[in-house]
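**Q** Given next are the chains, with one letter for each unit.
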Amino acid sequence: MVLVLAIGDLHIPHRAADLPPKFKSMLVPGKIQHIICTGNLCIKEVHDYLKSLCPDLHITRGEYDEDSRYPETKTLTIGQFKLGICHGHQVIPWGDLDSLAMLQRQLDVDILITGHTHQFKAYKHEGGVVINPGSATGAYSSFTYDVNPSFVLMDIDGLRVVVYVYELIDGEVKVDKIDFKKTATTRSSH
Amino acid sequence: MVANGVEDEEKWLAAAIAGLQQNAFYMHRALDSNNLRDALKYSAQMLSELRTSKLSPHKYYELYMRAFDELRKLEMFFKEETRRGCSIIDLYELVQHAGNILPRLYLLCTVGSVYIKSKEAPAKDVLKDLVEMCRGIQHPVRGLFLRSYLSQVSRDKLPDIGSEYEGDAETVMDAVEFVLQNFTEMNKLWVRMQHQGPAREKEKREKERSELRDLVGKNLHVLSQIEGVDLEMYKDTVLPRVLEQVVNCKDELAQFYLMDCVIQVFPDEYHLQTLEVLLGACPQLQPSVDVKTVLSRLMERLSNYAASSAEVLPEFLQVEAFSKLNNAIGTVIEAQVDMPIFGAVTLYSSLLTFTLHVHPDRLDYADQVLGACFKKLSSKGKLDDSRATKQIVALLSAPLEKYNDVVTALKLSNYPKVMEYLDSETNKVMATVIIQSIMKNKTNISTAGKVEALFELITGLIKDLDGAHEEVDEDDFNEEQNSVARLIQMLHNDDPEEMYKIICTVRKWIMTGGPRRLPFTVPPLVFSSLKLVRTLQGQDQGQDENPFGDESSTTPKKIFQLLNQTIEVLSTVPAPELALQLYLQCAEAANDSDLEPVAYEFFTQAYILYEEEVSDSKAQVTALHLMIGTLQRMVVFGVENRDTLTHKATGYSAKLLKKPDQCRAVYGCAHLFWVDDQDNMKDGERVLICLKRALRIANAAQQMSNAARGSTGSAMLFVEILNKYLYFFEKENPQITAAVIQSLIELIKTEMQSESVTPDPGADAFFASTLRYIQFQKQKGGAIGERYEPIKA
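Protein chains in written order, with my numbering: chain S, -15 to 174; chain H, 59 to 851.
Mixed in with the good hints there might be a few duds.
List time: in silico SDA-like cross-link candidates among lysine to any residue, alpha-carbon distance up to 25 Å [what the hints assert, rightly or not]:
#: 1; chain 1: H; residue 1: K589; chain 2: S; residue 2: T101
#: 2; chain 1: H; residue 1: K498; chain 2: S; residue 2: V131
#: 3; chain 1: S; residue 1: K165; chain 2: H; residue 2: F834
#: 4; chain 1: S; residue 1: K166; chain 2: H; residue 2: P819
#: 5; chain 1: H; residue 1: K137; chain 2: H; residue 2: N92
#: 6; chain 1: H; residue 1: K500; chain 2: S; residue 2: Y33
#: 7; chain 1: S; residue 1: K28; chain 2: H; residue 2: K521
Partial pick of chain H residues on the chain S-facing surface, computed with a CB cut under 10 Å [what the hints assert, rightly or not]:
#: 8; residue: M497
#: 9; residue: V542
#: 10; residue: S586
#: 11; residue: L636
#: 12; residue: H683
#: 13; residue: Y785
#: 14; residue: R830
No wet-lab data here; the hints were simulated from the structure. Idealized CB from N, CA, C, for every residue including glycine.
Please work from the sequences and hints to get the whole structure.
**A** The following block contains the structure:
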């Protein structure tokens, strides 16, 4: 059982002062094995905070990020799954599922994690799973008027991944869960 | 020389102890054989060691303790003797025959102890006799230890209330008298030490005196333990007598120690009830006495007393503690003109803490204290004493901690005045404390007036203060400004009118920050404003701008005007990429508010920045992504405006420096001509033109690569373009047919198999997954399956 935190679009301090206290008390160091961050932290303080939760931190660049050295995209393997990360402002139209599917094919990954829209999404298509952890601080978004703070925790176990989404709605943390199973597809070799 | 002195002292002490032990040995032998005469003889000899002048107080104490232990055995022997029939009065007589006065008096006290216990005479008589006899020793060190001995042996024999020694003729008053007299004499001896010896050894003397102080103070402790000393007796007798001695001895060391002792030893409620008397003594003390420490400790005790239980609070009010302390402090500060500023601030700081504990609801008292402090500060000018500034930070932090609410602190009219006297460094420290308090307590600052007051206080962070030209560490500076940015998020009011005023106030302040600060402070202000726009939209859904509406009411339009002027100033930094991003955010918001000209203006500004200021290739790519992405979502533009902006965007795309970037931007532009949920925005032809252009660029890239490097680079771009074709194919763009897709697939296959191509596993994998995707769509069946049927992968 490998726990992966997917989090992003915090926009501290431009659009939010801090993570909601209820989230902060849930995110304790030592429990999570990997952190995947879609970007737009925006400052070093937030980077350091995430790093303190788990040293294995993977970040891609959001357009407001202070540190311009984060990569545009990143791929990594955890267990049986290949994961891809991209902030998402580069994929036009923004939030478009088909365009995101294209990116997924391009990166050749089972799970694609993107952000930018601040809307939580988790859905499956033939190529794999696309996850948007939303904004962990509920930051302002031109996409939607209704932003609840949210983040995602993935439990990767063999060929199965359980996606837990934590949303702060009206002051209460609500949890939802979605199950995905990877079919061991045969890939043609070149 | 000094080392020799210490060595010598060790030798003398060792010799004295040896002498003492030898005599003690013989004394024990005498005790064992009930030989009173010899016991007295050897004990007197033993006690003679205490006649030495050679030892420092510290060493003398060691000798004294051994003698003390031996005397306990002697006392027991005396008790036995009286039981055996020896008359205690005779014994009392007998010991006075000892040759030297010091041993004589020690023995007398020892017998006296047994005498009192026997009750053959009233305790008060014996005690009076002893305390007067001790006057025979006028040498300070010897005298102090002798009287200390007297105090120790008499401790449990005082005619206190409820004690066995109380009688009709003797009362607790006598006990008090005895202790007071002993105390007075001891203090005189102690003070006399100061004037002994040459002037150059003053420091050494003071150190020695310091070692002895507890002997004197012990008497006060004894007084506090006497049951019969109730508030009345304390007020009428004990305190006046003690203070009389303290004031009259005119000795700095004694006065400071004893004042403090009184404060520490007697109960707090006594202090409250005698506050005036106690405070009245302060101005009478020697000017060199550290009165501020005494007063601070008194206030600290009283603060803790107040904090311990709410029941005691009315007492404070009854005795008017606050005004008495306030006056006393004022008097002291006025009297001691040379008091360093940090001393005065410490006093006010203690008084403020006291006030906050005792009168938490009386903001006017707290304000009074700050006002008095401010007055003192204003006579001194700006501070550069680090101890003083530390105290002022403590002073100013106290109300924040107590009230947990900056807003309350803002009500103290003198608070900002005191802050003004901080140097710029400390001002920033204090400002940071204030911001942290707000963040920690999630204080909501909800009116423009409060925001104004708050920013007054934290001026040091908002702009460069005069005279502050020191280089600030970059990390520290960033941290400061980020905390200001976070602060801006806490300024909020649900009422749009008030919120607008808040935004204007904040804007006014951050505009003074200069180019270094604007990139930190402008974005949070912009987003606060955009949130306000949304609130307004939520409020009057469907209402058009009312031409008869109140001119002064807040409208989205007004806010957008403000935003325009605000983002403009980023050009002074310069921060073109940031400004561009913010313009686009505003454009989207204007789109949601259905304000076409405003949205167009924002786009224009963004485009101008792109053309004139964004020159870094990587930055251009990002900027273009944002411009295209934003434009793609715009619904407010009419055909002409949209065309103009789209045309420009495609133009920029084609002019990016690197061919792959060009290619990607151009096929991205294809989406500008196709908006899924709006049928009149689906221009299949223009989409195809874009895609074809992208293809041409990809080809050109291959050729360039061939010419420059001898290989044609990877086929990745072609696969990407294929995927875009598939996207529009699925959206049923009539210009894109299965045949078109097919030929593109063949093209890529050929490219990949050609010898001159650079092998790229990424491109290969992408192509493979694309083909898999096509298969999958074919197998879906239904309309999609049919559409895909003709394509052979």
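**Q** Compare the distance between the alpha carbons of H/K589 and S/T101 with 25 Å, and conclude whether the hinted pair is satisfied.
**A** holds (16 Å)
**Q** If you draw a straight line from the CA of S/K166 to the CA of H/P819, is it 25 Å or shorter?
**A** holds (23 Å)
**Q** Need the status of pair S/K165, H/F834: alpha-carbon distance at most 25 Å?
**A** holds (18 Å)
**Q** Tell me if the interface restraint on H/H683 is satisfied: Cβ within less than 10 Å of some Cβ in chain S.
**A** Interface hint status for H/H683: holds (5 Å vs cutoff 10 Å).
**Q** Quick check on H/R830 please, does its C-beta sit within 10 Å of some C-beta on chain S?
**A** holds (8 Å)
**Q** Is the hint on H/Y785 kept, meaning its closest Cβ partner in chain S is under 10 Å away?
**A** The hint holds - H/Y785 has a Cβ within 10 Å of chain S, the shortest such distance being about 6 Å.
**Q** For the pair we were handed, H/K137 and H/N92, check the Cα-Cα distance against 25 Å.
**A** Since the Cα atoms of H/K137 and H/N92 sit roughly 12 Å apart, the hinted pair holds (cutoff 25 Å).
**Q** Let's test the interface hint: is any C-beta of chain S closer than 10 Å to that of H/L636?
**A** holds (8 Å)
**Q** Is the hinted pair H/K498 and S/V131 satisfied, with a Cα-Cα distance of at most 25 Å?
**A** OK: H/K498 and S/V131 at ~24 Å, within 25 Å.
**Q** Report holds or violated for the interface hint on H/S586, using the least CB-CB distance to chain S and a cut-off of 10 Å.
**A** It holds, given that the least Cβ distance between H/S586 and chain S is near 9 Å, below 10 Å.
**Q** Is the interface hint for H/M497 satisfied, with its Cβ closer than 10 Å to some Cβ of chain S?
**A** holds (7 Å)
**Q** Does H/K500 pair with S/Y33 here, judged by a C-alpha cut-off of 25 Å?
**A** Holds - the C-alpha atoms of S/Y33 and H/K500 are around 20 Å apart, at most 25 Å.
Checked against the numbered hints above, the structure breaks none of them.
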